[in-house]
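Student: In case you want the letters, here they are:
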Amino acid sequence: MSKKYTRREFIKTSAAASAAAGIGVSLFPGMTFANQSGGTNWHKSVCRYCGVGCGVMIGEKAGKIISIKGDELNTVNNGHLCVKAFYLHKAVNSKTRLHHPMIRKNGKLVKSSWEEALDLVATKFNEIRKANGGNALAFYGSGQGETEETYMANKLFKGCIGTNNVEGNPRLCMASAVGGYLSSLGADEPVGLYEDIEKAELFFLAGSNTAEAHPIIFERIMRHKTRNPNVKIVILDPRKTPTDQVADLHLFPKPGYDLAIFNAMAKVLIDEGYADDDFIAKHLVMKNGDGVQDFETYKKFLNDYTPEIAEKISGVPAQDIIKAARMFGKAKTAMTLWTMGLNQRKRGVWANNLVHNLHLITGKIGVPGSDSFSLTGQPNACGGVREGGGLCHLLPGHHLVVKEAHRAKVAKVWGVPASNIQPKPGKHTIAMFSALNEGEIKGMYIMCTNPAQSLPNAKKYWKGLKEQFVVVAESFYPTMTTEYADVVLPAAFWTEKEGVYGCTERRSQYMPLVVAPQGQAKWDAFILRDLGKKMGFEKEFAKYETAEIMWDEYRGLTKGKDMNLMGASYDRLKKVRGLTWPVPTEDHPGTYKRFMAGDPIYDSKFAELAKKEGRRMYFYGPKAKDGKATVWMRPHDDPAEPTDSEYPLALTTGRVLEHWHTMTMTGTAPELNRAVPNAYVEINPIDARNMSIKNKEQVVIETRRGSMQFEARVIDRPVQGTIFVPWHWENKPINVLCIDAFDPGSKEPEYKVAAARIRKA
Amino acid sequence: MKYKINMILSVIVLTIALALSCSSLCKNAQVVEKSVAEFAGHAEVDFSVSCMECHSESTPDIYEDWANSGHGKMNYGCYMCHGDGMENFSVQPETDMCINCHSSASGHLMRMENQGCFDCHDGHTLNP
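Listed in order, the protein sequences are those of chains W and U. Note that the first sequence covers residues 98 to 858 in our numbering. Note that the second sequence covers residues 29 to 156 in our numbering.
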């Protein structure tokens, strides 16, 4: 399966050609002044990149997307954009857009018709299903797919084919946050909204390089701190990042050794009188592996995590842990923001639990300016996958496959027998790709994601992708995953389809279709619908003529649920800048804080009971009992692959500001490529000196899974003993070296810690 | 004064670019050998490193101005205003690009009538 050129080479060639053409005709080629050009139509939409959910205005002229600007009426970003969004129009118009279906013939992908491609997929899938059962098929989707797209995939695979082997890449980034919210607060997704940022006195940024991964949130924090110098910021991260410019205190733990720090902070908070005893007594239960315990047992548990003990485990000085706890305790309001640093861990759920503990025991939750608030990496991980049920144990609208009543309810709406939906969860992502390797899964449909590059220990899973029947629906070509595809289907891209994205703060926002899909590209939801029809489910997919029909059917399933979206019709979403659920009726404005006054579910069902019990919150989610949140006693646990004498360095990975995921989109903007042209490895200067490695020297990183060459960047960023590599570049796919061990609860892999060593190239 | 400097620089860039435009029409085959930045008078560009990496050493004062500005704090680099250097490049960037990221300032800009953002705000410090 050799390829003729890489995406990067293709883009580079295109850029040079554009430059040549440009100089002949334009003074400043590429620097078009779109805002001033007449005839530009502006369309309200949502950014295609991270989970912040910034409002954007799409500039369209004569059927072409020519510019993007911030939507000043959107409360998320107030008109501001980060550098990635600024160049989104270049992704739309990229030379790497795929315009026609392709089928692999004699080892090569060749152009085909839609009819031929879909016939082939339907025939192969039906053959596999007939010979091996529905569980020999699988769907792997994305937190970038629209809710409507994931909805169609769920119906086809879970409702019609009859397999729960439906997963999505949010398993790789948000599953631990889901597990944390469910087990601690009883329901997934945050209590509050972004508007807490401007009301917070303290920010605890734990495992979040906010400045680069969520720049608009960072800008809001920075602006708030500039206006209010009393605002303090504590960072917990094994690496100094651009976020540090606003830090008042930075704790540098060894990667994977921070659980003890959270417990030590909780101990200090309690010992020094910062705990909210009344809130604890009325709103919380304490639990460990043996079940419910009393508060005294929790305090005894914390005795194993004095700041001094935590220092020994984590490497963070005890005095800094005490200082951080006091800052958290003294602040009237506090927000903890976290992302992959906590989630992508063997004990990601525990890390999440321990963050929630800090807020619960101090009562810094359910009040303006206080929240334990998970930042999301993808634009619709919350909306499409967590809420839309795009994982192997879920059904749309926070329903579960294991619950008979849920299966019956969803099956009725789908118009399929309830027996079609299996009662047992399917395979989670790593298990799914392992099964593909082993041939247990023989056919896979991959939509809007690039697992050949993004999976941890990625090379291990290329075998299954190569050997089994793999269909890839993508807007861009080539990618590392299309290298292995038997069929590649051209998917309409953002601006060429309508649908809904749900961002980090429970906000669902509508995105319009602005221009027709390029070439023969089709909307993913329609591809899945048409595939379903070809597979024999004509009746089941006959009604889905529009995106609105899909959305309305989906939001119907949310009626009465904690994530009630009944008030979020297309008509309404087209007019407003999103709605934050629960939003039960068309005249409801959306909810700021859940589980308390102002939340329509609380007001209608639990306010009276809460008042009787003298409570200000009632955690009514499906996993909470008696309306109480849970403080979990989670002990320290080592990472899956601790460093040792053979592999003495901890390898950790992450993002840079200018690039996103596997660069299928940011790689189309020459400016962003220019900003960070190549991958590199950051090495602490002391480590570099000890290894006689100089800045810009070529080095080889080795882990138990392989080796890869990088340019060394000797810089005072990673804590001593840690190396950092950004993960975006196709020619340096660092995830090949990452470990695929995963959290036993959330099944999210431990991308953030692997044992490594370095030698000169 | 700043306006005059801008005008002079614009004329210089305009002249160079026009000359190169004509030249490129005559020597099509050679056009791609140079980046647009080099055509506009920039020294030879090493595209294997970022603009920032060179300019932190070659123009440290400008780099510092930028680093301490709002753009610097957000790490929004040279390319945002000046282009990537390969496909597009502008010595004196036009300011209507600013509005795409600062759309909430469009009313403010409208009131400035014929002035651009950089007539008041320094391009690197962004002051005042």
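Since the hints were made in silico from the structure, they are not lab data. The structure displayed is predicted, hence computed values, not measured ones. For each residue, glycine too, the CB sits at the ideal point set by N, CA and C. A couple of the hints might just be wrong.
What the hints assert, rightly or not - Cross-link-like lysine-lysine pairs, in silico, DSSO-like; alpha carbons within 27 Å at most:
hint : chain 1 : residue 1 : chain 2 : residue 2
1    : W       : K791      : W       : K351
2    : W       : K709      : W       : K509
3    : W       : K208      : W       : K192
4    : W       : K420      : W       : K409
5    : W       : K640      : W       : K221
6    : W       : K791      : W       : K379
7    : W       : K337      : U       : K101
8    : W       : K296      : W       : K351
9    : W       : K793      : U       : K101
10   : W       : K720      : W       : K709
11   : W       : K384      : W       : K720
12   : W       : K296      : U       : K62
13   : U       : K62       : W       : K192
14   : W       : K322      : U       : K62
15   : W       : K379      : W       : K709
16   : U       : K62       : W       : K793
17   : W       : K427      : W       : K409
18   : W       : K202      : W       : K725
Said to hold, decoys possible - Computed, partial: chain W to chain U, Cβ under 8 Å:
hint : residue
19   : I163
20   : I165
21   : K166
22   : G167
23   : E169
24   : P339
25   : D341
26   : Y777
Stated by the list, open to error - Per the computed footprint, the stretches of chain W lying under chain U, defined by three or more beta-carbons under 8 Å from a beta-carbon of chain U, are:
hint : segment
27   : 171-180
28   : 300-313
29   : 768-775
Student: Each hint needs a verdict: does it hold in this structure or not?
Tutor: Each hint, compared with the structure:
Note on W:K791 and W:K351: the hinted pairing holds, with a Cα-Cα distance of about 23 Å set against a maximum of 27 Å. For the hint linking W:K709 to W:K509, the alpha-carbon distance of about 39 Å lies beyond 27 Å, and the restraint is violated. Distance restraint check for W:K208 and W:K192: the Cα-Cα separation of roughly 16 Å lies within the 27 Å cut-off, and the hinted pair is therefore satisfied. Annotation: proposed proximity of W:K420 to W:K409 holds, straight-line Cα distance about 17 Å (limit 27 Å).
Note on W:K640 and W:K221: the hinted pairing holds, with a Cα-Cα distance of about 25 Å set against a maximum of 27 Å. With a CA separation close to 58 Å, the supplied pair W:K791 and W:K379 exceeds the 27 Å bound. The suggested pairing of W:K337 with U:K101 holds, with an alpha-carbon distance near 14 Å, which does not exceed 27 Å. Restraint check for W:K296 and W:K351: the C-alpha separation of about 32 Å exceeds 27 Å, so the hint is violated.
A C-alpha spacing of about 25 Å is found between W:K793 and U:K101, which places the hinted pair at or below 27 Å, so the restraint holds. Annotation: proposed proximity of W:K720 to W:K709 holds, straight-line Cα distance about 22 Å (limit 27 Å). This hinted pair checks out: W:K384 and W:K720 have alpha carbons roughly 13 Å apart, not beyond 27 Å. Restraint check: the Cα-Cα separation between W:K296 and U:K62 comes to about 52 Å, which exceeds 27 Å; the hinted pair is violated.
In summary, the hint linking U:K62 to W:K192 is supported, as the alpha carbons are separated by about 22 Å, within the 27 Å threshold. With a CA separation close to 45 Å, the supplied pair W:K322 and U:K62 exceeds the 27 Å bound. Pair hint W:K379 plus W:K709 holds up; C-alpha atoms about 11 Å apart against a cutoff of 27 Å. Taking the CA atoms of U:K62 and W:K793, the gap is near 25 Å; set against the 27 Å cutoff, the hint holds.
Proposed proximity of W:K427 and W:K409 is supported: the alpha carbons are some 26 Å apart, at most 27 Å. Taking the CA atoms of W:K202 and W:K725, the gap is about 59 Å. The hint is violated against a cut of 27 Å. A cut of 8 Å between beta carbons decides the hint on W:I163: the least distance to chain U is about 11 Å, and the hint is violated. About 7 Å separates the beta-carbon of W:I165 from the nearest beta-carbon of chain U, less than 8 Å, and the hint is met.
For W:K166, the shortest C-beta to C-beta distance to chain U is roughly 4 Å, which falls under 8 Å, so the interface hint holds. The beta carbon of W:G167 is positioned within 8 Å of a beta carbon in chain U (closest approach about 4 Å), and the interface hint is therefore held. Given the 8 Å rule on beta carbons, the hint for W:E169 holds: about 4 Å separates it from the nearest Cβ of chain U. Hint status for W:P339: holds, given a least beta-carbon distance of 5 Å to chain U, under 8 Å.
With 8 Å as the threshold, the beta carbon of W:D341 stays out of range of chain U, its nearest partner Cβ sitting at about 11 Å, so the hint is violated. Given the 8 Å rule on beta carbons, the hint for W:Y777 is violated: about 11 Å separates it from the nearest Cβ of chain U. Check result for the segment 171-180 of chain W against chain U: holds, 6 residues qualifying (beta carbon to beta carbon below 8 Å, three or more required). With 3 residues bearing a CB less than 8 Å from a CB of chain U, the segment 300-313 of chain W meets the requirement of three and the coverage assertion stands.
Counting residues of the segment 768-775 of chain W whose beta-carbon sits less than 8 Å from any beta-carbon of chain U gives 8, enough to reach three: the coverage restraint holds.
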